[in-house]
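Construct the entire structure; sequences and hints are all you get.
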Amino acid sequence: MKVLLRASESRWLAPAAVLAAVLLTLLLTAVPIRLAGANPAAAFERYLVTPLTTFGSLGEVLLTATPLLFTGLAVAIAFRVGYFNIGAEGQFLAGTIAASIPALYLPDLPAPIALPLALAAGAVGGTAWAFLPAWLKRHAGIDEVVTTLLLNPVALLLVQGLLNGPWRNSATGFPDSDRFGAGYDLPRLIEGSRVHAGLLLAVLLVAVTWIVMSATPLGLRLRAAGQSPSAARFSGIRVTSLQWRCALVSGAVAGLGGASQVLGVQHQLTASVSNGYGYTGIVVATLGALAAGGVLLAALLLGTISVGAQNASIVLQLPTQMGAIVSSTLLLAAVGFLAARRYRLALRRRRVR
Amino acid sequence: MDFPILAVLAATFTIATPLVWAGLGAVINERAGILNLGIEGIMYAGAFVGFLTAASTGSLALGLTAAIVAGLAAGALMGLLTVTLGVNQHVAGIGTTLLLIAASEFTNRLLFSSGSQTITVKFDRILSGFFAQYPMTYVAFLLLAPALWWLLRSSGFGLRLRAVGENPEAADAAGIPVARTRYAALMLGSALMAVGGAFLTLSLLGSFTLDIVGGRGWICIALVIFGRWRVWPVVAGALLFGFTDALQLQLAITPFFSAVPNELMIAFPYLVVIAALAIWGRGVRYPGAYLTPYRRA
Amino acid sequence: MPAIALEATSADVASAPLAELVGIRKTFGALVANDSIDLAVQSGEVHALLGENGAGKSTLTRILYGLSQADSGEIRIQGRSTPMSSPADAMAAGIGMVTQEFSLVGTMTVTENLMLAGVGLGRIDRMAARARVLDAAARIGVAIDPDAVVETLSVGERQRVEIVKALFHDCRLLILDEPTAVLVPQDVELLFASIRRLTADGMGVIFISHKLHEVVEIADRVSILRRGRIVASVPARGLQPRQIAAMMVGADAASPGDDTQAAALATAIGLDAHVPAPPAAVSTGRGAALEIRDLTLAGASRPLLDRISLSVHTGEIVGVAGVSGNGQTELVRVLCGTTPATSGTVHVGGADITTAEVPARIAAGLGRLTEDRRGSVVLNLSVEQNLVLEDLDRFRNGPFISRRRISAHVRELMERFDIRASASDPIRSLSGGNMQKVLLARALSRNPTALVVSQPTRGLDVGACDYVYSQLRGLRDNGAGVLLVSEDLDELLELCDRIVVVYSGRIIGELSAAEASREELGLLMTGHTA
Amino acid sequence: GGTTGAETPSGDGAESEVPSVFGAFATPLEEPWDGAIHAALQSAEEDGLIRYEHVDNLHTADEMERALRDIISSEDPDIIFGDAFAAEEAVRAVAADFPDTAFAFGSGGEEQAPNFSVFDNWMQDPAYLAGMLAGGLTESGTIGVIGAMPIPEVNRIVNAFIAGAQETNPSATVTVSFINSFFDPATAKQAAEAAIAGGADVLFAERDGVIAAAEENGLPVFGMMVDQKEQSPEHVVSSLLWNMKPTVEAVVAAVAAGKFEASNLGEYSFMVNGGSSLAPINTGTAFEIPADLISQVEARSAEITDGTFETPVDEEAPAGSTTVEG
Ligand SMILES: Nc1ncnc2c1ncn2[C@@H]1O[C@H](COP(=O)(O)OP(=O)(O)OP(=O)(O)O)[C@@H](O)[C@H]1O
Ligand SMILES: Nc1ncnc2c1ncn2[C@@H]1O[C@H](COP(=O)(O)OP(=O)(O)OP(=O)(O)O)[C@@H](O)[C@H]1O
Ligand SMILES: [Mg+2]
Ligand SMILES: [Mg+2]
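Protein chains in written order, with the working numbering: chain A, 1 to 353; chain B, 1 to 297; chain C, 1 to 530; chain D, 1 to 326.
One should not assume that every hint holds.
Going by beta-carbon spacing under 10 Å, a handful of chain B positions derived as facing chain D [stated by the list, open to error]:
no.	residue
1	Leu6
2	Ala11
3	Thr14
4	Arg109
5	Leu110
6	Ala147
7	Leu210
8	Ile212
To be clear, the hints were calculated from the coordinates, so they are not data collected in a lab.
Since the model is a prediction, treat every value here as computed from it, not as a measurement.
A virtual CB, placed ideally from N, CA and C, is assigned to each residue, including glycine.
Take a look at the structure:
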């Protein structure tokens, strides 16, 4: 028997691969679920079905997917042009800080002024945090992976420093900021659900990115620059400058995500505002094949599992780590099967066709 | 009070120890062309499995062995994903990290319903004064680093490993089994990462608590690029980080500096590494086949 | 050499072919690259494998060497069926290969590269290996520096390393896939001398080349592949290049109607000593298409380009000859805008482009075609995307790409330049010849005032070469100036109006094509000024 | 929140009369703070006082809010225990939406009528006593404290510890290191090593990791939250204990009696009410603990218990190095 590249992929292979991944995950995680004292089938229903079948949790899925859309898109934009921004986490946090500045110092602004101001501040904050690595890359060829990565903990320390210092809660003394003024609440989109206007903004950015990537000269140039910088340079594409601009745009998108999260969900700055969204964004972007549509799908998938895992923990008393085990196993199984579908098995002795 | 510079230097080596083990593991992986972002999870699993085994058998040697076995298994999983199946390495690595951390914490929860556990024996320091360091520190600097330096430079295995990381087509044409070499690199490197994690539980602390690795794996990824995939510069990077960290911990309780915001002090090592990179880190060149799976036509 | 001992003592084994391919079939998706191929190589013979670009030569030899696995078929070594699941198997069976694309690790030294094959896991002895490398180089008759890092070497030097590498470990069958494409004539002679020595000792050689005069010179047997099938396998003795060419393209050599085609082919492959170039016509008076003044490019120790001054007039092809590594690559890179010049000026059609960025160069009327084909395209993008990449702003519709206009433009180019692929194929799947046509189409689609081309026919089959030549002549006849950098003297003599010779980054001589001879050029290229 | 599911568990409610309690924790249960609440609830369940379920790891305010709404809609417990730090806004909003559910949350804020009560780990009393012991034990005159981060909950413990040290050793210096993490024992240990290098010969392990440093250097050390004596039987002098049981019992009794209302439950964590204490002083230490020091501490302890001594509460961040000399 041997492994051969497939001549062509039929359409059903991708869904079949995902289905196989779900089955394998079910098989692999049934044992720990049993050990933790729950019924695997019931658990899986909670993980994958419940979130999508009740109105309330569907809203929660969208809410959970919102920050992932921003960070996933941010990472995809940068990766696409060959700039490996691992710093979406820090840029997201910088966005939350920057959006908090007007919200804390000008708390009484009315919403029509306050929201654009705070969102713009978030974008600027993310850009500012992306600036140093991008500048070092552009002017000195310093590798961006290290600099963006190392600035993540620094951003978290900056949040903590502000919360322990000037922004300490004036009522409780706890290191979280005061509640923002009412004008800074992103409006909710659907009655009875926490989904907020940040989702709209994220989807808009996905759409714009999709159009730019697929229908403009810039989109093709970005791809060329990302796939082969030297050939792109030969073709007159200014790779360094494109990378520089995408790095900043990427930071801005991540920063907007931070702003959306504090203005839409938290209404105050806390040290735990990001649940590793920037790092998960890398998974979202690569799972989505660095394409806008793919980011959308991947963010929704991860959002679903995360909402489902919480529900399973509450209802079935499974340790919350079980949710992480299921989602990471499913992630690895899915990418594994999706990669494997490019190949087919052939018996050595049989003549093919 | 005199500033205890010798203590800071001694602490430098202690702090650098897990970074050297895991960072050199990452060097081995990346020299073979594979970015192993599973590092954080592999260190975590090494810390947990090592501790669990030592605590239940009472044998440190068995604990260390178990950590190594866990690392080898994690490396094999990474190999299955990135080498055999050609999965995107960022996704495979981050997925592995998530899985191993969750699985360790889950097992910890099932076995010890809460609270931290302690082993009564641990690898203790040897010698005294400035030289009072853990055996695994001595092994890291005096044995592991020279051995890997020699391995990469002067052994057939190192030559093969570099070849599959630079140009797998050429390596294949030279009769080198590309997949097998990459598996070997992943398993060896991951085992070193697991030992780096086990250092925390079996040597430094003698106990396991959640979050014990605390982002050290990600620092290693940065240090490997900082050191340009070469053994001694990576060791130097780990020492630079260790020194600045030890320094800030000491300065934080030194009267003059205690007025500086704590967070700024803690950020210091990160900023120093970035600054060092900005000064010396121009024109980093990645291994030629970095991030690219290989399969024959 | 155990192989020879075997040959000498056993008549039986001698009668079994050294290697035999039986019923080899290989498909890439829908494409059948090899279709039930049978081929046998005898010991002591040079077996030439010929065919158009994309005929399946490399695929077949890669299967024999274990770099690729056949869908079906069998490989026999000295009569015994031997599965080749990896190059290690092939090496164990006594096969060595020089692949068409370089198989060298750029960051390693020559010695390390040569050690790679067959290195164990334990300690390596660098000094001993180095000595063995020097020894092997001397044995094979090629000079290489064992301590040089491969990526610092020129292509010609790298090819020499490849050849030494294939012969470093004793083998009974040597596969050479277009080894001479990047070698200068002197090196080709050295290589042939080695091949003759080795075959005299009983080695078998599979030799792939598009240079038919080389084939008739060295081959004992010629097999011709067309579209994945063997269409002829004949002894080489007495065979004329003209006949081979006809067999390759499938034209019936005997048919009288095809005289013109045969003649064109013959011309293309440089059989007729050289046809005097068509008169430079009305051109020279019309001023410079490309004007280079005192162009200098500093290097680490000495200038890589040293005050080069040269003008190419409209309606003229100027050749640049030289042994590789004398500044040709750098000259092309500076002109193409990928390396900035240290000093000097470059004008295209009167416009100063010395410091211009690539788009401005293209706008000024500069066409570019470099020797680094795969480095000039984005391999993962499609043929269509690569064809318009330099020119995207021409196909805008407001802020968007006009897909309709692009596909119309691309369809036209693909027709005009006879590109045999589908517009949506990723360009990496194209064979060398088709890729070169894409690049040519891209360079010529804007009707450049001046064209810089380097090694335009390296690795191309006769049909494709001929096509490139006719395009370059056509461009010249339309009034453009062409600067042609080539290591192929026949090509230069064939195409150019004037030839300059570079040596050590300087122009050390200029000859008009009418008065130039190979001998004279050869002397200049080795630095002998009269 | 959903519109379905609230009815299902009510069938269970008929079987037993004890209130159902759900724990909703921001950190993993292994983290000592939430671990203490969880332990008290578990023990209340074992005592047959309550039925108990829980969920942990609700890191963000967002997750906390989703979990709370989900808990109410799918499990509808009588009482929800948890910690609201860093999710005050969200938790209070949910509480306001479900006035029939009793909320008892760790919080730095005030109670919120009608159903949101707050508690906190008011451990300044045992901290003061531990500080007294530390002051008496130091020979170098320097004591090292390694804490998580300068938040009120940590500050008041550290400040009380410093005040206690001041009582027995007016010239002592206390160095305070914050590692800016709730979980980073390796860094905590390095910080402890730095304190030792800076002259400290007694340590207070507000965070895990410090005891290992004390053990290696043979120094007295104080543990936190649970009795950590077994981690280093010869070096742990004592530990500060938080006992959530009085708080849990108070809330359960009020709910069972149908008289639950929003209140500040903080006093149930005071030593007077048995909500916190100093673990028994270790008699098997490698060094000697002077008997008169112990009696001094015991006397002070008795004063605290009978209400004649009130430990000062100071929630300002302590300086990195405090020389206590007044
Ligand atoms: N969730 C989705 N919703 C709608 N369309 C989707 C979604 N996911 C993927 N797609 C489709 O998948 C294709 C690829 O997505 P994308 O927009 O990123 O195109 P692209 O950048 O042109 O991709 P490519 O890299 O293949 O050229 C598009 O045609 C898009 O319509
Ligand atoms: N890995 C591959 N995937 C898809 N198609 C391939 C691959 N390798 C080769 N081909 C196709 O197979 C055919 C035969 O290619 P091959 O390289 O054997 O030709 P060749 O005779 O060596 O041509 P050339 O003279 O240009 O080197 C070509 O059409 C080529 O495009
Ligand atoms: Mg796309
Ligand atoms: Mg070929």
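Legend entry - Given hint B:Leu6 near chain D, where the shortest CB pair must fall under 10 Å: Holds. Min distance 8 Å.
Inset, instruction - Let me know if the C-beta of B:Arg109 comes in closer than 10 Å to any C-beta of chain D, holds or violated. - result: 7 Å, holds
Inset, instruction - Grab the minimum C-beta distance from B:Thr14 to chain D and call the hint holds if it beats 10 Å, violated otherwise. - result: 7 Å, holds
Inset, instruction - Mind checking the CB of B:Ala147 against every CB in chain D and telling me if the closest is under 10 Å? - result: At 25 Å from the nearest chain D Cβ, B:Ala147 fails the 10 Å test, so the hint is violated.
Inset, instruction - Would you check whether B:Leu110 satisfies its interface hint, that is, whether its CB is within less than 10 Å of any CB in chain D? - result: 12 Å, violated
Inset, instruction - So, B:Ala11 near chain D? Judge it on the closest CB pair being under 10 Å. - result: 6 Å, holds
Inset, instruction - Using Cβ atoms only, decide whether B:Leu210 comes closer than 10 Å to chain D, and label the hint accordingly. - result: Since the shortest Cβ distance to chain D is 5 Å, the answer is holds.
Legend entry - Hint status (Cβ of B:Ile212 to nearest Cβ of chain D, threshold 10 Å): This interface hint holds because 6 Å falls under the 10 Å limit.
Of the numbered hints stated above, those contradicted by the structure are hints 5 and 6, listed in ascending order.
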